[in-house]
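2 protein chains.
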Amino acid sequence: MKLTIKRSVFLQELQTVQRAISSKTTIPILTGVKIVLTDEGLSLTGSNADISIESFLSVEDEKAQMTIEQTGSIVLQARFFGEIIRKLPEDTVTLEVLENNQVAITSGKADFTVNGLDAENYPHLPVIDAKNQIQLPVHLLTKIINETSFAVSLHESRPILTGVHFVLENQKLLAVATDSHRLSQRIIPIEQAVENFNIVIPGKSLLELSRSFTDEEEMVEISIMENQVLFKTKSMYFYSRLLEGNYPDTNRLIPTSFNTEVDIYVPEFLSAIERASLLSHEGRNNIVRLSVTSESVFLYGNSPEVGKVEESLSYEKVSGEPLEISFNPDYMKAALRAFGDTSITIKFISAIRPFTLEPTGADLDFIQLITPVRTN
Amino acid sequence: MKLTIKRSVFLQELQTVQRAISSKTTIPILTGVKIVLTDEGLSLTGSNADISIESFLSVEDEKAQMTIEQTGSIVLQARFFGEIIRKLPEDTVTLEVLENNQVAITSGKADFTVNGLDAENYPHLPVIDAKNQIQLPVHLLTKIINETSFAVSLHESRPILTGVHFVLENQKLLAVATDSHRLSQRIIPIEQAVENFNIVIPGKSLLELSRSFTDEEEMVEISIMENQVLFKTKSMYFYSRLLEGNYPDTNRLIPTSFNTEVDIYVPEFLSAIERASLLSHEGRNNIVRLSVTSESVFLYGNSPEVGKVEESLSYEKVSGEPLEISFNPDYMKAALRAFGDTSITIKFISAIRPFTLEPTGADLDFIQLITPVRTN
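Sequences listed follow chains L and G, in order. Here the first sequence stands for residues 110 to 485, where the numbers follow my numbering. Here the second sequence stands for residues 110 to 485, where the numbers follow my numbering.
Heads up, none of these hints are tricks.
Copies of the same chain look alike in the list, so a pair counts if it works inside one copy or between any two.
In silico DSSO-like pairs for lysine-lysine, Cα to Cα no more than 30 Å straight-line:
no.: 1; residue 1: Lys-313; residue 2: Lys-133
no.: 2; residue 1: Lys-417; residue 2: Lys-218
no.: 3; residue 1: Lys-442; residue 2: Lys-218
no.: 4; residue 1: Lys-196; residue 2: Lys-456
no.: 5; residue 1: Lys-281; residue 2: Lys-442
no.: 6; residue 1: Lys-252; residue 2: Lys-196
no.: 7; residue 1: Lys-417; residue 2: Lys-133
no.: 8; residue 1: Lys-343; residue 2: Lys-111
The set of hints was computed from the structure by calculation and includes no laboratory data.
Please model the entire structure based on the sequences and the hints provided.
This is the structure:
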């Protein structure tokens, strides 16, 4: 294998696949990046137990300025190799596989010789058949991930809850995540004729996926197999394992009739929650209290050792019965951040029943649920 | 005490004194910031075992928009108080001391009440008499600190070496630091008529000092007492304890005759050292090798498990005998960074004797010393 390539472009490819490479793996070859050079171009692969990322750079891609002198393949220790590439002196770099899996890395006057591993020993990625695929704009998939993945459970006691549940049926794609204290659900219409599916994708995989997209990618094709899912863009194949088991029926958790409603502008409410949580974080229970009457909405935080805070909130509309309710401000913060710069309607049943949050007015098919904390 | 003040200005003062406040102190009141309001203005104080910082904001300083309704004083838990100030909703904040050392913090609709401590119980700062003072431009003191403090020892086995040695005599101020493996020394002329001194200031204190200066400060006045030093600017008093004991005589360590000299441009040499250290860091010994002949200068790094690197260096001039010398690249990196964007002359005696680095040509009274590593 011998290749000369523009260093910045190569480094970007390397950084993409490095997202899948952990230095903590027990399989030594997986600390490496697999480099395969064919007449068509350059392919890099990184993998761990959960995800695998394969990037492809075509020889015809002019920005890469590739010169292929000899095709071939090698595996190089990813972190160390990446640091070398980052610090080389010139704009281009030449990689040449020598004897015994040694690789010469040359740029300007700097000559590195590093030890590699035979690419034949690198594990094979799953083969995914092409029959069950949906296509989504990258920005829409990123939005769904941002709206749901923060609500997955971080505890392995119920592994299935560490994933986001995706269900395609009746020409609708539903994505829902819950850690049993809060829930976030998004539904989008799908007009493509594809088979229904019902899968759970690890929340961590989805976060890595959303960070791996570049601005150049517009569409992503999603292919599903029994225990794997592949997200495919023009320049990247992103594989994730699926979680096994039955996801709980979350639909019955979402209430439909309410006694108190508040319309409020998210950024202002979020700032007030952040202030109140400064105090709740110092206390033992980490709760704040919201007091709703027909004339006012107040937020309270209290930590006897440190102090207390109260704040009269600006709101857009209040209706229904007066209410006092306490909740974990960190769940509220995460929920509000997922809404962004908009107004929401918060609907309550009582101080001890979960309440819902939805964008005001627009039927956006985006709903969140938070369980309150009983204080007496 | 009751004060209304522009929040951003108050926050900046608070951040300055917070540099001296540690949450790990065993004296609870020192986790607090002392706030003293007089008719002249607002003074904040933070302190730990090594340094104390006092900032002062005059009532006449228009950018602070201060309204003093009642003078007084209080101590508030610094980290927590700072977070509250940072997150308040409006541009101004009102602080009012209530009964029992409670403090109301109000901004817009947000009302905090936090528990404070009696300022009478806050330790007094040392009183420093004004007789032995020198004045320096802030940028010059910062430069001296950056040129020397990186070379102090980080090990408490010889505490005196954790400080920078400052000696004023013969109208010259000498600053020198060494950890016994490398040394950095700067001399500047002083034209003021002041008493000679000979002190050792902890390296950590100097780093905090250099970070505490703002762009608005032009001159710093340095006052020395038996076991304290005070750095005084227009808006800040910065106290540091001095290290006790005799600093070793470093002057005899600096050689004066040499056998090999290399002139080299710092940024290019630094990049090459950074590349070579990628390999040396993977090995057991962390050394790189420099090979100087009349025709070439080569840098080598080698770590058998990982690989090797060699690089032909661009240089400006070589003279004297050929030489092969090995050294720790991390010492070289730190030394080169202290020189910045310039050319230096490196002077060698032999492979086993310390070598010096100085700015080329200009007689800048700045010299560094690095001890090589014997490889056989």
